[in-house]
Every structure is written in C-alpha cells, then in structure tokens.
Amino acid sequence: MVDIKLTEEPLDIPACVAWVMSPECGGIDVFIGTVRNATKGRAVLRLEFEAYRQMALKEMQKIAKQAMEKWPVQKVLLHHRTGTLQVGEVPVVIAVAAAHRAAAFDACRYIIDTLKQTVPIWKKEFFEDGEVWVAAHP
Amino acid sequence: MNINVLAFGIAKDIFGASAIEVELPEAGTVTDLRSKLEEKYPRLKQLASYMIAVNDAYAADGDALQQQDEVAIIPPVSGG
Chain A
169 MVDIKLTEEP LDIPACVAWV MSPECGGIDV FIGTVRNATK GRAVLRLEFE
219 AYRQMALKEM QKIAKQAMEK WPVQKVLLHH RTGTLQVGEV PVVIAVAAAH
269 RAAAFDACRY IIDTLKQTVP IWKKEFFEDG EVWVAAHP
Chain B
-1 MNINVLAFGI AKDIFGASAI EVELPEAGTV TDLRSKLEEK YPRLKQLASY
49 MIAVNDAYAA DGDALQQQDE VAIIPPVSGG
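Order-wise, the sequence lines are chains A and B.
Numbering-wise (my numbering), the first sequence opens with residue 169 and increments by one.
Numbering-wise (my numbering), the second sequence opens with residue -1 and increments by one.
Treat the hints loosely; a few may be bogus.
Claimed, not checked - For lysine-lysine, the following DSBU-like pairs were computed, each having C-alpha atoms within a straight-line distance of at most 35 Å:
no. : chain 1 : residue 1 : chain 2 : residue 2
1   : B       : Lys38     : A       : Lys291
2   : B       : Lys38     : A       : Lys238
3   : A       : Lys292    : B       : Lys10
4   : A       : Lys291    : A       : Lys226
5   : B       : Lys34     : A       : Lys291
6   : A       : Lys284    : B       : Lys38
7   : A       : Lys238    : A       : Lys292
8   : B       : Lys38     : A       : Lys226
9   : A       : Lys173    : A       : Lys292
10  : A       : Lys230    : A       : Lys291
11  : B       : Lys10     : B       : Lys34
12  : A       : Lys230    : A       : Lys173
13  : A       : Lys238    : A       : Lys284
14  : B       : Lys34     : A       : Lys226
15  : B       : Lys38     : A       : Lys208
16  : A       : Lys292    : B       : Lys34
17  : A       : Lys292    : B       : Lys38
18  : A       : Lys284    : B       : Lys43
19  : A       : Lys238    : B       : Lys34
20  : A       : Lys230    : B       : Lys38
21  : B       : Lys43     : A       : Lys208
22  : A       : Lys291    : A       : Lys233
23  : B       : Lys10     : A       : Lys230
24  : A       : Lys226    : B       : Lys43
25  : A       : Lys292    : A       : Lys233
26  : A       : Lys233    : B       : Lys38
27  : A       : Lys208    : A       : Lys226
28  : A       : Lys226    : A       : Lys292
If you are wondering where the hints come from, they were derived from the structure by calculation, not from laboratory data.
What you are looking at is a predicted structure, and each value in this text was computed from that prediction instead of being measured.
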C-alpha cells in the first residue's frame, strides 16, 4: 500500500506513523526532514517550496513503487509540503513498514535519496541579506 | 509550431514569467528547444543542469515535440 501527498498543510507525523503500522510488520522506519536554521554558517529565516504538482505526484508514486519492487516492504508513505516553512517545520515525512527492519531502513533511505534527485520540487532559502534557489548553480 | 513552456524555480526568475511561448520547426526536438531557449535566455547555461519534461515525464534530448505537449523546464530539484 502506498500513500502519497503533496500539501500546503502541516504534516501530521503521528498520523503518518499510524498509517504504516500493521500487524504483519515488525519494523517501521521513519524519515522526517526539518527546516535547518543555517546553511554554511548563514542564518536561514525561512524556506519556500514550489512543486510542479502533477509531475511531482507521478514521480513520488514511481519512487514508492520502485521501493516496493526492490524490497519486501508492505507500506510506504511519502508526504511533502509546499509553500512557506519556518525553521523547525517539517517539509517531508517518509514512513516505511516491513516484516523485518533491514528492508524498512533500506527502502526509506532509497526513497529520500531518490526524491532529492528526481521529484520536481524546488526550495528557496531566505537569508537576512538575500534569497537563493538551492542547488541551482554549480 | 508554438510550444508553451512552463517554468519552475529559478527558471521562472530567468524567464521573468511562469510560462513562455517558443517557436520551433515542426517535429522539433528537445535539443532544438534547449538551443532556442539558451539563445534567448543565456542564464540557463549557468545552471548546474536542467531537464525538460514533456507531459509530466522527463524527456530525452532526441524526443520530438508536438504543439499540444505540456512542456516544462526542470532546473536542479531540491525537495526534501
């Protein structure tokens, strides 16, 4: 089972974990991405996330499907936020449930690493003296 | 043919708009589109890289475009 969401609303971490819990799964791995207060020593005030919505949802589905094909995992949840987020807020939650922990760890790591490479979502960092699209330039 | 090109992230800043129209010869390819865009918006060449998406999927350079395609510029992604 797969649950994909791209939303402007705050992510509900306990609800995400509850969704992947199931009697046949003995291991749940959760990755929570949070907004850090600095980049290379520069204080970050806030982030803005923009998505190419329909393609991002398709790519997120694709990653979840790949994870389920590569590892014996029963449930995959992938939620991402868009809009303005303050320091400490949560832009991404990934939760994976499997019978045994190794598959859950591996699949969860694969999902966040692949998301960062392929899903059309962009993050802009706001500093006191300017703003920058992350990763845009070499 | 005229192709409507959507822009996201820094590409939106470079174009100064969230969508632009680009004229390409019939059966023009993704490579043709790149050349045309880079000619008009040289700042695209300063990006670490950028992909072209056609109808919500990453396209290869040789893929042919059609007027009704939904085309988008995908600058380096940075979600998560």
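Cross-check of the supplied hints:
Annotation: proposed proximity of Lys38 (chain B) to Lys291 (chain A) holds, straight-line Cα distance about 25 Å (limit 35 Å). The straight-line distance between the Cα atoms of Lys38 (chain B) and Lys238 (chain A) is roughly 43 Å, outside the 35 Å bound, and the hint therefore fails. For the hint pairing Lys292 (chain A) with Lys10 (chain B), the CA-to-CA distance comes to about 12 Å; that is within 35 Å, so the pair holds. Annotation: proposed proximity of Lys291 (chain A) to Lys226 (chain A) holds, straight-line Cα distance about 19 Å (limit 35 Å).
With a C-alpha separation of about 27 Å, the suggested pair Lys34 (chain B) and Lys291 (chain A) falls inside the 35 Å cut-off, and the hint holds. About 29 Å separates the Cα atoms of Lys284 (chain A) and Lys38 (chain B), which keeps this hinted pair within 35 Å; it holds. Straight-line distance between C-alpha atoms of Lys238 (chain A) and Lys292 (chain A) comes to about 32 Å, which keeps the hinted pair within the 35 Å bound. Distance hint between Lys38 (chain B) and Lys226 (chain A) is fulfilled; the C-alpha atoms sit about 31 Å from each other, no more than 35 Å.
About 20 Å separates the Cα atoms of Lys173 (chain A) and Lys292 (chain A), which keeps this hinted pair within 35 Å; it holds. For the hint linking Lys230 (chain A) to Lys291 (chain A), the alpha-carbon distance of about 21 Å falls within 35 Å, and the restraint holds. Taking the CA atoms of Lys10 (chain B) and Lys34 (chain B), the gap is about 16 Å. The hint holds against a cut of 35 Å. Between Lys230 (chain A) and Lys173 (chain A) the alpha-carbon distance is near 13 Å, which keeps this suggested pair within the 35 Å criterion.
Distance check on the hinted pair: Lys238 (chain A) and Lys284 (chain A) sit about 18 Å apart at the alpha-carbon level, within 35 Å; holds. Distance check on the hinted pair: Lys34 (chain B) and Lys226 (chain A) sit about 28 Å apart at the alpha-carbon level, within 35 Å; holds. Taking the CA atoms of Lys38 (chain B) and Lys208 (chain A), the gap is about 34 Å. The hint holds against a cut of 35 Å. For a cut-off of 35 Å, the pair hint linking Lys292 (chain A) to Lys34 (chain B) stands: about 27 Å separates their Cα positions.
Taking the CA atoms of Lys292 (chain A) and Lys38 (chain B), the gap is about 25 Å. The hint holds against a cut of 35 Å. Under the criterion of a C-alpha separation no larger than 35 Å, the hint pairing Lys284 (chain A) with Lys43 (chain B) is consistent with the structure, at around 22 Å. For the proposed pair Lys238 (chain A) and Lys34 (chain B), the alpha carbon gap of about 40 Å is over 35 Å, so the pair is violated. Between Lys230 (chain A) and Lys38 (chain B), the direct Cα distance comes to roughly 34 Å. Compliance with the 35 Å bound is thereby established for this hinted pair.
Taking the CA atoms of Lys43 (chain B) and Lys208 (chain A), the gap is near 25 Å; set against the 35 Å cutoff, the hint holds. Taking the CA atoms of Lys291 (chain A) and Lys233 (chain A), the gap is near 25 Å; set against the 35 Å cutoff, the hint holds. Under the criterion of a C-alpha separation no larger than 35 Å, the hint pairing Lys10 (chain B) with Lys230 (chain A) is consistent with the structure, at around 26 Å. For the hint pairing Lys226 (chain A) with Lys43 (chain B), the CA-to-CA distance comes to about 28 Å; that is within 35 Å, so the pair holds.
Distance hint between Lys292 (chain A) and Lys233 (chain A) is fulfilled; the C-alpha atoms sit about 28 Å from each other, no more than 35 Å. Restraint check for Lys233 (chain A) and Lys38 (chain B): the C-alpha separation of about 39 Å exceeds 35 Å, so the hint is violated. With a C-alpha separation of about 33 Å, the suggested pairing of Lys208 (chain A) with Lys226 (chain A) holds against the 35 Å cut-off. Distance check on the hinted pair: Lys226 (chain A) and Lys292 (chain A) sit about 22 Å apart at the alpha-carbon level, within 35 Å; holds.
The structure is inconsistent with the numbered hints 2, 19, 26, although it conforms to all the rest.
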